[in-house]
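Undergrad: Residue numbers (my numbering), protein chains in the order written: chain A, 540 to 771; chain B, 45 to 327.
To be clear, the hints were calculated from the coordinates, so they are not data collected in a lab. It should be emphasised that the depicted structure is a prediction, and the values quoted were computed from it without experimental measurement. Beta carbons are placed, not taken as given, at the ideal position from N, Cα and C, and that holds for glycine. Treat each hint with caution, since some may be false.
Computed, partial: chain B to chain A, Cβ under 10 Å [said to hold, decoys possible]:
no.	residue
1	Met-166
2	Thr-178
3	Gly-190
4	Arg-196
5	Phe-218
6	Leu-222
7	Ser-223
8	Arg-234
9	Leu-238
10	Lys-241
11	Asp-295
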Amino acid sequence: MGSLYWPTLGYATLHTLEYTGLGIAGSMILGLVIALMKVSKWRAIRWIAIAYTELLKNTPLLVVLFVIYFGLPSVGIILSRLISGGLALTLCYAAYLSEIFRAGLQGVPNGQREAGYALGLSTARVYWNIILPQTFRLSLAATGNMVVDILKTTSLISAIGGGELLTSAENITAATFEPMKVYLIVGGIYFAMCFPLSRLVVWYESRLKSGTNRRRHRRRLEAELREIGAVA
Amino acid sequence: MNMDLTPPSEAPAVSRQAGPGTPPATEIPVIQVRDLHKAFPGRRRDQEATTVLRGVSLSAEHGEHVAIIGRSGSGKSTLIRCMNLLETPDSGVIQTEDFTVFDDGLKVGARGLVEFRRTVGMVFQQFNLFPHMTAAENVSLPMTKGVGMSRREALDRAVSMLNKVGLGDKLGSFPHELSGGQQQRVAIARAIALQPKVVLFDEPTSALDPELVGEVLQVMRELATEGMTMIIVTHELAFAAEISHRVVFLDAGLVAEEGPPDQVLRNPINARTQSFVSQFLGK
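Just chain B, with the same shape it has in the complex (with noise of 0.2 Å):
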């Protein structure tokens, strides 16, 4: 199954607040995927393997925010998952602008594999900040022990980074001594340190207690802005509808439903899609 790439920006644009500005209109995506198929064997032999992922396609354009949504179970995590290779598919193709990374089985070597994930950040539920190293080191790590850039060029863009977050005065904080959001932050970070192409999140507020939701939501706001490639994998469907130019619903495995925020979340037309979104929508 194909996926409509008409860019975003034909859809009518209706109250969007902090918008994502004017959707750029290129022909290569940033990062696509095709026909993805995933199935998690099971633990013993005589279980049968669970089936995830039944050919999911997927693609962000240049400056494109796109939020996959869908019930626990539907494939979402697993879907972001495989596009920077932390799982690997059964079949499908994974690529990017520079590199084909996965196709059909056949994936790159370690090398490809490190320098297409330099060009791709991830951001965590759990965080997954380093607890033995200070926020700057964090955000310094890729840089140092990735790319070879000095240990005194990198501090001077990890406070740069943290700066931007809000964290300029956290600096020298390790990990256990931050709030969750700070945590978060500090992992957004990190993440966008090499510059990469695209930032997947996934889940990023799940593991924040509510009033830690906000500051998080601000930064990945002020990313979308500056016109980052962003893929969003949220419960969030309030900030999804507000950020994104394209929604993906993903069930059971499935591309049910994807659009502008506008159809999918306000007018969805798929049965499963308008079960999901009524929930939190309260419609």
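Bound-form chain A, shown alone (with noise of 0.2 Å):
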């Protein structure tokens, strides 16, 4: 394999990095939605929620994919390979997301929502000021090891030849007779972006554990009381 196959994993890894970006995307606002949905005060909304859940975290991505891609055109809806992969991403981790999610929304105490509806907050507000941000926080972990996850799962939708990062090794393959040495790249590409991005997730979690933020948020305020001259 020569320095010819280089700018093909270039590309090959934007289009990776194209299914990742779709995929946490699509999934991060539909499992939010389904997890909304499981913890609805109305029994049907609830049991929908469960109903999509329990069919997608039982299902192969692979077939999925496979419904999207190849199955979908029968019934006369053309996708290309692009949404074709990023839906099938979206689909399958909603599910486990909403799960994640789920578990969030739950563990914030029921006295905050009450809270914020005895201070005459409408339902919205009670959910986007007071209980996501505290669900964002408890669910950060587990969130971001499924990013990590979606970016290495993007390989699969080389089997409808997605043009990420495996199929381009696969041609590649074909090509040079070179399996060992392109599957090891390829491999190499796979941890040098996943690697960094767990670490980025540990890193974020320690600095809301250890209250940076915290203090930068309150420096930001102080700056504000001052302006308005309640403090010295």
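Each chain sits in its own coordinate frame; assemble them with the hints.
TA: Here's what the structure looks like:
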């Protein structure tokens, strides 16, 4: 494998990151929606959310991907590889993330909700300003693991020739007959992306725990207070 | 069962220290509930519902301080939580001067509920401060996110509220950096930030270490002196005697006795009230 293939791997890495980005954004949004449905006061809504989670949690991602990419065209829905891959990741990981977020939502003491309502805040405000920031902190570690997992799982999209790293590794191998070298290099690229990402999550978590963010937050508040002349 | 709306001023006032001042003689209660019934359904289908309120009526007039006392399980907390609809009663009426928010199973809509709650402050046993915000932001939140005040204006008022409860030096502190007593004082500042017409206290000192109770009671005393209408669920009978115009003894979901503190706490008529207060006042 000559230097000829480095640009190919570069593009493939970008595609991997595209799938990862779509998967993370999509599954976080959908996962949060489903988590909120799970704590709904209406039984039917809770039931739909639980059914969704169980269905997607117990179906292989590869099968979901094939249904989307190979199955849907038979009912007239044709999606690009990029969208198909992003959608499969979104649907599957939303199921896992919804469980993580639900645990986070339920981990916020009920008194927080009650205090918000008692202060005359709307339900949307109570969730946005009081519940979700605390849910975020509670779910951070588990969510970080999922994010890394999504990045690694993009490799499955090679099954539809998604053009990401593993697809391009297969193509290069077919041309150079050097599987050992190519797969080790590609494995190294995955590692080089995943390792910093998981360290980043650990770092951010420790920052939250140590109160670095709180200190910065407090300094900003104190500046504002000085501005209105409330403190010296 | 309708309760007596006579202003408490007609009761003989004996030995009140930091007394409630002259109780106002007005007509319309700031808040009133009538004939409230509430049962909590059993967890499983085969379990029976627990009836907590069996027809309670209660009101507070302008500037009046009403203490609700009773054994645990008598329905005190449920009653006060119904008063701002954190619990929805099964039947009865809840109304303030401006709103009828509950009328025999009909509850006001989400919009009206939000408006109503801005006029009713609440202080919880567990403080329930928002842990991700500083004291000043806790107090500002209902102003900035509730009634749309600018952050600057809200902070300005938050500062004066926190000064009022003696925490002007803790503006930038997070709840976990404060003692229980300080947290509860922040919670009181937060509850009065929107200048509500009445403040509900649900056992405000029950979660505090004994040495921290005094500072919270002092803040409540000052609030009372300013003429704030207050309804207080409490086990601090001495404080109830000192501060309240009227004491309501709740027993098994009913008002067993109510009247001026000198009657209910010192010379109760009802046998169950007698046995309850004797445990506390050592008679």
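Undergrad: Compare the structure with each hint and give your call.
TA: Outcome of the hint check:
no.	hint	result
1	Met-166	holds, 4 Å
2	Thr-178	holds, 5 Å
3	Gly-190	holds, 5 Å
4	Arg-196	holds, 6 Å
5	Phe-218	holds, 6 Å
6	Leu-222	violated, 13 Å
7	Ser-223	violated, 18 Å
8	Arg-234	holds, 7 Å
9	Leu-238	holds, 7 Å
10	Lys-241	violated, 12 Å
11	Asp-295	violated, 26 Å
Going down the numbered hints, you'll see the structure goes against 6, 7, 10 and 11, while the others check out.
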